[in-house]
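Q: Sequence order for the protein chains is V and H.
Numbering-wise (the working numbering), the first sequence opens with residue 1 and increments by one.
Numbering-wise (the working numbering), the second sequence opens with residue 117 and increments by one.
Note that these hints are calculated values from the structure, not bench results.
A virtual CB, placed ideally from N, CA and C, is assigned to each residue, including glycine.
Any given hint might turn out to be false.
Claimed, not checked - Away from chain V, derived, C-beta distances all over 12 Å, residues of chain H: (1) 157; (2) 172; (3) 207.
Stated by the list, open to error - With a straight-line cut-off of 25 Å between C-alpha atoms, the simulated PhoX-like cross-links for lysine-lysine are: (4) H:173 / V:70; (5) V:70 / H:218; (6) H:218 / V:108.
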Amino acid sequence: AQKVTQAQTEISVVEKEDVTLDCVYETRDTTYYLFWYKQPPSGELVFLIRRNSFDEQNEISGRYSWNFQKSTSSFNFTITASQVVDSAVYFCALSSFNQAGTALIFGKGTTLSVSS
Amino acid sequence: EPEVTQTPSHQVTQMGQEVILRCVPISNHLYFYWYRQILGQKVEFLVSFYNNEISEKSEIFDDQFSVERPDGSNFTLKIRSTKLEDSAMYFCASRRGVDGEKLFFGSGTQLSVL
Chain V
1 AQKVTQAQTE ISVVEKEDVT LDCVYETRDT TYYLFWYKQP PSGELVFLIR RNSFDEQNEI
61 SGRYSWNFQK STSSFNFTIT ASQVVDSAVY FCALSSFNQA GTALIFGKGT TLSVSS
Chain H
117 EPEVTQTPSH QVTQMGQEVI LRCVPISNHL YFYWYRQILG QKVEFLVSFY NNEISEKSEI
177 FDDQFSVERP DGSNFTLKIR STKLEDSAMY FCASRRGVDG EKLFFGSGTQ LSVL
């Protein structure tokens with residue numbers, strides 16, 4: 001069975017602080033994909049990143065960076081110099097590689113509140 | 117960027133009534149999904165649809181639910197006899213079909229069952 005655990009329910013930081021959102025996953029598949037989505041207060045789901053299980057290179061995109069460690073089944077997300085606009089719910093998700101139609105399984109999400 | 121379109125954005129219905137939530141996936145996409153999110157909770161998978169049939173469904177997707185792609189562009193979710201616990205945000209999503217490709221989500225339909 002596949003499972004995604006986001007142990008942090010809520011995180012509050014002050015602007016310009018760095019913050020890391022944790023994601024731990026479980027899967028029996030040897031190949032799989034991991035995702036992060038952002039859900040701002042307006043409610044839509046915004047794609048942030050996709051990573052396949054073959055690629056353990058960390059990725060940086062502006063203030064965002066992702067640390068994928070297969071050995072610990074973790075795919076953590078760091079926001080550097082957080083801003084108020086980063087306030088949102090962040091979901092980590094997992095999907096199998098073998099079936100193109102397989103659904104994403106989401107974690108419960110981490111609510112990030114950034115205050116000025 | 118192309119968008120998945122959902123209508124209506126809000127739907128209020130009485131318990132026991134039938135509702136149909138509508139979605140227009142991105143035109144060259146082949147895989148379609150419905151997810152729901154009860155207020156404050158995680159996004160839960162309901163069903164996936166490919167080649168005019170359900171390819172996968174969750175335990176939530178019981179006999180009260182059905183999906184249809186009636187005309188090659190729309191993708192609908194029908195709830196036959198709504199219950200209070202069906203109140204949630206329902207998201208439609210689609211993707212072209214390449215393994216691991218990201219899902220494009222619609223902006224959701226907020227369903228309130230009274």
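Q: For residue 157 of chain H, is the shortest beta carbon distance to chain V beyond 12 Å?
A: violated (7 Å)
Q: For the pair supplied as a hint, residue 218 of chain H and residue 108 of chain V, is the alpha-carbon distance within the 25 Å limit?
A: holds (19 Å)
Q: Grab the minimum beta-carbon distance between residue 172 of chain H and chain V and tell me whether it stays above 12 Å.
A: violated (6 Å)
Q: Find the nearest Cβ of chain V to the Cβ of residue 207 of chain H and say whether that gap is larger than 12 Å.
A: violated (6 Å)
Q: For the pair supplied as a hint, residue 173 of chain H and residue 70 of chain V, is the alpha-carbon distance within the 25 Å limit?
A: violated (28 Å)
Q: Could you grab the alpha-carbon distance between residue 70 of chain V and residue 218 of chain H and see if it respects the 25 Å cut-off?
A: holds (20 Å)
Checked against the numbered hints given earlier, this structure breaks hints 1, 2, 3 and 4; the rest are met.
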